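S.K.: So you can see what is in the structure, the chains are spelled out below.
Protein chains: 2
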Amino acid sequence: MRIYDLIIIGGGPAGLTAGIYSMRARLDTLLIEKMVIGGQIITTEKIENYPGFPDGVSGVSLIQKMEEQAKIFGLNIESEEIKQLSKENNIFKLTGNQNTFFSKTIIIASGNYPVKLGIQGEEKFRGRGISYCATCDALFYKNKKVIVVGGGDAACEEGLYLTKFADKVYIVHRRDKLRAAKVLQERVFANSKIELLFDCVLERIEGTDFVEKAVIKNIKTKEEKAGNFCRRRCSKEKPASGIDRSRRRSNRSLYGRKIY
Amino acid sequence: MRIYDLIIIGGGPAGLTAGIYSMRARLDTLLIEKMVIGGQIITTEKIENYPGFPDGVSGVSLIQKMEEQAKIFGLNIESEEIKQLSKENNIFKLTGNQNTFFSKTIIIASGNYPVKLGIQGEEKFRGRGISYCATCDALFYKNKKVIVVGGGDAACEEGLYLTKFADKVYIVHRRDKLRAAKVLQERVFANSKIELLFDCVLERIEGTDFVEKAVIKNIKTKEEKAGNFCRRRCSKEKPASGIDRSRRRSNRSLYGRKIY
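Quick note, the sequences are listed as chains A and B, same order.
Note that numbering that gives the first Met the number 0 numbers the first sequence so that position 186 is 185, with each residue one more than the last.
Note that numbering that gives the first Met the number 0 numbers the second sequence so that position 99 is 98, with each residue one more than the last.
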């Protein structure tokens, strides 16, 4: 039974960075990734705000560099989904779909998934006019019309942020009032670039290679409206692993979701 | 009177990164650096653990990329030393040697200075056989005997680096074991040019115009040994700005001193 010094769960930028540091510290380390190395970052076409890349870098390219770097220091990577964690005699037991692993310490760097709306066109245009993070991508929507979906703090914050870039921001919310903090609501109402569409849902997204049209439906009148847009946003995220994360912080940190 | 949204004090990796993010967030930002852009990082010949550079990157090269990136987003950089901070009517006033600046917010990213040992001869021979940076000065110590003071990552890294130039490198450490990363310790132990002097301190440095003699004391046996050396190094640091930093954390982080 091999007991590692450290097992890292998740092969995104956070996990690979942990791997680089742990291998340089000569810890016996294993990184476990259930899908492909990279995580959400590989869906990002251009990252402009990772320091050290003046011309920007694609998510795929950046993650390849990180993986190469980690492997230079000898990091081993296994493909497996961890379903359960337990601790026996001070040793962590990680139960996967096929194998069981043991380690003295664990770093969970399994990232987040954005919660999808599940509407037509959403998968197709992800990264092509649809994004899930204003801080990351707002600059790409300069002088354009943008739809933000939601009525909570995140929707209002990101909607407000987008007004620095976009010509017009529509906040589409399925209820008849916002549920964001009052201070945010006040700012939203005071911003002439924002138009609120209450009792509305985003019905589908259309286009050829990129988003060209969005269809919004009023759920009370059943009326549909179409317009030419190039972006929409869903602010919610859920953990990317199925294991217990009750003690984890959301990794909206330098190496987490918000690198872009 | 121009009031900035944000003034960043310090043009190292932390300050430039803050500049990239603030400019992308459309904040009216000014970065102020008192010396050259980069700070201590420019003294680092090879950075192996900054994610995204599998072959390593020199400090100068990395900082040039970051500066270029920040300037692409329009960051303005002023050369000035800030001597005093005050706050009037919720606006920060920054008093420099020549100019005064005003800002709604401030990020202090002013880095660190090497901490002196405070021993006899240290001030007198700084730059005359005493230096604080191997990458900068190692070439001056070709075919000589060198003392490195400390037992952490920096002491080991710089000791190892010096073996490329010096005939012999003594690492003088006041404790009975190193606290550097294991990978560095292994390299140090394997290097025949390095001799470790545990439980020892550098007592004083002597000479006329240049360092001629160093006295090392064993703190357990109280025994003193003198030898002819021409260099010593202290790995500790203190804040690089004279302004109030009581609420700052030491920036021994990714973007601080410990990038190596």
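Hints may be right or wrong, so weigh each one.
Unchecked claim - Facing chain B, a subset of chain A residues (Cβ under 10 Å, in silico):
1) A24
2) P53
3) V59
4) K64
5) A69
6) I71
7) L84
8) K86
9) A137
10) L138
11) L196
12) F197
13) V200
14) E202
Said to hold, decoys possible - Computed spacing ranges between beta-carbons, pair by pair:
15) I118(A) - L26(B): 51 to 61 Å
16) K224(B) - R25(A): 31 to 41 Å
17) K224(B) - V35(A): 39 to 49 Å
18) Q63(B) - E222(A): 52 to 62 Å
19) N217(A) - T99(B): 50 to 60 Å
20) S85(B) - E121(A): 44 to 54 Å
Stated by the list, open to error - Keeping only pairs whose Cα atoms sit at most 25 Å apart, straight-line, the calculated DSS-like set for lysine-lysine is:
21) K181(B) - K103(A)
22) K167(A) - K224(A)
23) K45(A) - K163(A)
24) K45(A) - K103(B)
25) K163(B) - K45(B)
26) K86(A) - K70(A)
27) K70(A) - K181(B)
28) K212(B) - K167(B)
29) K64(B) - K45(A)
30) K167(B) - K141(B)
31) K70(B) - K141(A)
32) K64(A) - K224(B)
33) K33(B) - K70(A)
34) K181(A) - K33(A)
35) K103(B) - K115(B)
36) K163(A) - K141(B)
37) K45(A) - K181(A)
38) K163(A) - K103(B)
39) K64(A) - K45(B)
40) K212(B) - K103(A)
The hints are simulated quantities; they were obtained by calculation from the structure and are not laboratory data.
Quick caveat: nothing in here was measured; it's all calculated off a predicted structure.
Where is the CB? At the ideal position from N, CA and C, for every residue including glycine.
S.K.: Hint by hint, note whether the structure agrees.
M.R.: Hints, one by one, checked against the model:
1. A24: holds, 5 Å
2. P53: Result: holds, 4 Å to nearest chain B Cβ.
3. V59: violated, 13 Å
4. K64: It holds, given that the least Cβ distance between K64(A) and chain B is near 5 Å, below 10 Å.
5. A69: Hint on A69(A): holds, closest Cβ of chain B at ~8 Å, below 10 Å.
6. I71: holds, 6 Å
7. L84: Cβ of L84(A) sits 26 Å from chain B, so the hint is violated.
8. K86: violated, 25 Å
9. A137: Result: holds, 8 Å to nearest chain B Cβ.
10. L138: Holds, because the Cβ-Cβ distance from L138(A) to chain B comes to roughly 6 Å (cut-off 10 Å).
11. L196: violated, 25 Å
12. F197: violated, 28 Å
13. V200: V200(A) check fails; min Cβ-Cβ to chain B is 30 Å, beyond 10 Å.
14. E202: Where the cut-off is 10 Å and the nearest Cβ of chain B is about 32 Å from E202(A), the hint is violated.
15. I118(A) - L26(B): 51 to 61 Å: violated, 34 Å
16. K224(B) - R25(A): 31 to 41 Å: holds, 32 Å
17. K224(B) - V35(A): 39 to 49 Å: This hint is violated: roughly 58 Å between Cβ atoms.
18. Q63(B) - E222(A): 52 to 62 Å: holds, 56 Å
19. N217(A) - T99(B): 50 to 60 Å: With a Cβ separation near 55 Å, N217(A) and T99(B) satisfy 50 to 60 Å, so the hint holds.
20. S85(B) - E121(A): 44 to 54 Å: Given a distance of about 52 Å, which is inside 44 to 54 Å, the answer is holds.
21. K181(B) - K103(A): It holds: about 17 Å lies between the C-alpha atoms, which stays within 25 Å.
22. K167(A) - K224(A): Holds, because 16 Å separates the two Cα atoms, which is no more than 25 Å.
23. K45(A) - K163(A): This hinted pair holds, its Cα atoms lying about 20 Å apart.
24. K45(A) - K103(B): violated, 31 Å
25. K163(B) - K45(B): holds, 14 Å
26. K86(A) - K70(A): violated, 28 Å
27. K70(A) - K181(B): holds, 18 Å
28. K212(B) - K167(B): Holds: K212(B) and K167(B) sit about 15 Å apart, inside 25 Å.
29. K64(B) - K45(A): holds, 17 Å
30. K167(B) - K141(B): holds, 10 Å
31. K70(B) - K141(A): holds, 19 Å
32. K64(A) - K224(B): Violated: K64(A) and K224(B) sit about 49 Å apart, past 25 Å.
33. K33(B) - K70(A): Given pair K33(B), K70(A) is violated - Cα atoms ~39 Å apart, limit 25 Å.
34. K181(A) - K33(A): It is violated: about 41 Å lies between the C-alpha atoms, which goes past 25 Å.
35. K103(B) - K115(B): Judged against 25 Å, a Cα distance of about 35 Å means the pair is violated.
36. K163(A) - K141(B): violated, 56 Å
37. K45(A) - K181(A): Given pair K45(A), K181(A) is violated - Cα atoms ~35 Å apart, limit 25 Å.
38. K163(A) - K103(B): At roughly 18 Å apart (the allowed maximum being 25 Å), K103(B) and K163(A) satisfy the hint.
39. K64(A) - K45(B): Distance ~17 Å between K64(A) and K45(B) Cα, so the pair holds.
40. K212(B) - K103(A): Since the Cα atoms of K212(B) and K103(A) sit roughly 48 Å apart, the hinted pair is violated (cutoff 25 Å).
When the structure is compared with the earlier hints, violations turn up for hints 3, 7, 8, 11, 12, 13, 14, 15, 17, 24, 26, 32, 33, 34, 35, 36, 37 and 40 and for no others.
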